[in-house]
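Trainee: Sequence:
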Amino acid sequence: MIEYTVATGDGTSSETFRLVTTILDPADATALELAAVYQQRWEYELSLKEIETQLLAPGAGLRSKSPKMVRQEFWGLLLAHYAIRALMVEAADTDGIDPDRLSFQRTLNIVRRQITDQAAFSPLDTRAGDHQSHRRDP
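Numbered per our numbering, the sequence shown spans residues 1 to 138.
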């Protein structure tokens, strides 16, 4: 068992974690390496949870039936997740904050609203220059 403490970014508090592993030889991996890898794994787990619970409809799985189409659908979900996360990083950089402080669900809701709003106008309006924004006020 490896016990380590992680301080918050501002250093005002910390939390102790215990990591249980079957690696017994410190030459195979140091405690510091295992703690860092665990953090990465946690990020992957959270990303998969966001895809399963927020990008997919509740209780829904992948709709495709063939292995090729399942792979395509899965890559599409990963791409959508990446695009939303990229928007979050851009927004956080603009405001000078940590992207982890932004809500994936709220960002997804904003993206869904924008996609719906942009589909609510006729292409003829844009050619004539008559298109007005259908954005909702926050």
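The reader is advised that the hints may include incorrect statements.
What the hints assert, rightly or not - Beta-carbon label-pair distances, calculated as ranges: (1) Gln72 - Arg18: 18 to 26 Å; (2) Ile51 - Arg113: 14 to 22 Å; (3) Thr8 - Pro67: 42 to 50 Å; (4) Arg41 - Pro67: 39 to 47 Å; (5) Lys49 - Asp117: 23 to 31 Å; (6) Leu19 - Glu90: 30 to 38 Å; (7) Asn109 - Gln72: 20 to 28 Å; (8) Ile110 - Thr8: 24 to 32 Å; (9) Gly61 - Thr94: 40 to 48 Å; (10) Val37 - Arg101: 37 to 45 Å; (11) Asp98 - Arg41: 17 to 25 Å; (12) Leu55 - Glu3: 41 to 49 Å.
These are computed hints drawn from the structure, not numbers from a lab.
By construction, the Cβ of each residue, glycine as well, lies at the ideal position given by its N, Cα and C atoms.
Trainee: Of all the hints given earlier, name the ones this structure violates by number, lowest first.
Mentor: 1, 4, 9, 10 and 12
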